[in-house]
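S.K.: Sequence:
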Amino acid sequence: MALVDNHEAIGAEGAVRLSEASARDFFELLKPRVMSLVVFTALAGMVLAPGHIHPVLGFIAILCIAVGAGASGALNMWYDADIDAVMSRTAKRPIPAGKILPQEALAFGLTLSAFSVCILGLVVNWLSAGLLAFTIFFYAVIYTMWLKRSTPQNIVIGGAAGAFPPMIGWACVTGGISIESIVLFLITFLWTPAHFWALALFKMREYGAVNVPMMPNVCGEATTKKQILLYAVLTALIGVAPAVLGFSSLVYGAVAAALGLGFIWYSFLVLRMPDGDEKMVPAKKLFAYSILYLFVIFSALMVDHLVTTLWLNVGGAI
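Residue 1 is where the sequence shown starts when you use our numbering, and the numbers rise one by one after that.
Be careful, since some hints might not be right.
Dumping the calculated EDC-like pairs for lysine to aspartate or glutamate here, alpha-carbon to alpha-carbon at most 20 Å [as the list claims (entries may be wrong)]:
#, residue 1, residue 2
1, LYS226, GLU278
2, LYS279, GLU206
3, LYS99, ASP82
4, LYS148, ASP275
5, LYS148, GLU206
6, LYS285, ASP275
7, LYS92, GLU20
8, LYS92, ASP82
9, LYS31, ASP82
10, LYS99, GLU20
11, LYS92, ASP25
12, LYS226, ASP275
13, LYS99, ASP25
14, LYS226, ASP277
15, LYS148, ASP82
16, LYS92, GLU206
The calculated label-pair distances, taken between Cβ atoms and stated as ranges, are [said to hold, decoys possible]:
#, residue 1, residue 2, range
17, GLY176, LYS284, 35 to 43 Å
18, SER178, ASN211, 38 to 46 Å
19, ASP82, ILE182, 14 to 22 Å
20, ILE182, MET145, 25 to 33 Å
21, GLY176, ALA258, 29 to 37 Å
22, ALA288, ASN211, 37 to 45 Å
23, SER88, SER22, 20 to 28 Å
24, TRP265, LEU245, 35 to 43 Å
Worth flagging that the hints you see were computed from the coordinates, not collected in a lab.
We put the CB at the ideal spot given by N, CA and C, even for glycine.
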């Protein structure tokens, strides 16, 4: 893997010197925006799971999941430093910017990976730790090192890595996997392609410049737009599944249905967007809406669960 020259800080006697990175630089290596989404969906899995987990153990579990997600991000940045240096949205990341050396990022990512998995297993349970370990491996190795540069289906398959956190959160509480946690997994899994392909449409030239086979570059804009609409429909359908399966209320179902229709509408606007459109306004709007969709869906699930639980407790007390 080609890396920029300023990564090699060689001393007078030929010894490799460490960089002078700040704590902020290492924090950026953790992909904090992605990590916040992982923490949020993992928390949703914990809240929705039947049973109870001690608040201290719950906090440790969320911290371990956050650290594991950050470790994945660090390993991803280590491996992708060559293409990150070329793309405008990633050129200022710590490694291509010369703030952190690649070997430092690798050591940092591996250390945090081992730490997060071991602590989660010892303190909470080994099923959740195993799922976290698999998630880190899937993102760093299966997606980053293999799928991303080899197939236009990279996002579809690789999206599993970002979909595991609610299942991990669920396992932290229950020690198991159920149909409910699988549905939570599928919400994020099916949401991912439309979300990232919207980004790929207006970043198509940059992906082409680094030879990453994103769907628009390989299959064309027209095919990508159709795929986006297909996955938007699937996302809308799985979004209402918790109400259909009975682990959320009809009120949540109505909210999810409305959000899903919005997702489909924005995807339809992308479908109607002319190929070669320089401004890509519909794609940018869909990308922004997709983030809002996922946040509101999981927020609505948690609020619905807490309100329903409170209502049942009050009713039982009366």
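S.K.: Hey, LYS226 versus ASP275, does the alpha-carbon distance stay inside 20 Å?
M.R.: Holds, because 12 Å separates the two Cα atoms, which is no more than 20 Å.
S.K.: Within 20 Å, alpha carbon to alpha carbon, are LYS92 and ASP82?
M.R.: Status holds; Cα separation ~12 Å.
S.K.: Given the hint of 29 to 37 Å, is the C-beta distance from GLY176 to ALA258 inside that range or not?
M.R.: holds (32 Å)
S.K.: Does GLU20 sit within 20 Å of LYS99, going by the straight-line distance between their CA atoms?
M.R.: Judged against 20 Å, a Cα distance of about 7 Å means the pair holds.
S.K.: Could you grab the alpha-carbon distance between LYS99 and ASP82 and see if it respects the 20 Å cut-off?
M.R.: holds (15 Å)
S.K.: Are TRP265 and LEU245 spaced within 35 to 43 Å by their CB atoms?
M.R.: Since the Cβ atoms of TRP265 and LEU245 sit about 25 Å apart, the hinted range of 35 to 43 Å is violated.
S.K.: Do the alpha carbons of LYS92 and ASP25 lie within 20 Å of each other, as the hint requires?
M.R.: The given pair, whose Cα atoms are some 11 Å apart, holds under the 20 Å limit.
S.K.: Would the hint linking LYS148 and GLU206 be met if the CA-CA limit is 20 Å?
M.R.: holds (14 Å)
S.K.: Is the hinted pair LYS92 and GLU206 satisfied, with a Cα-Cα distance of at most 20 Å?
M.R.: Roughly 15 Å between the alpha carbons, so the hint for LYS92 and GLU206 holds.
S.K.: Taking 20 Å as the top limit, are the C-alpha atoms of LYS31 and ASP82 close enough?
M.R.: OK: LYS31 and ASP82 at ~17 Å, within 20 Å.
S.K.: Are ASP82 and ILE182 spaced within 14 to 22 Å by their CB atoms?
M.R.: violated (36 Å)
S.K.: How does the Cβ-Cβ distance of ILE182 and MET145 compare with 25 to 33 Å: does it lie in that range?
M.R.: holds (27 Å)
Violated hints for the displayed structure, listed by number in ascending order: 4, 19, 22 and 24.
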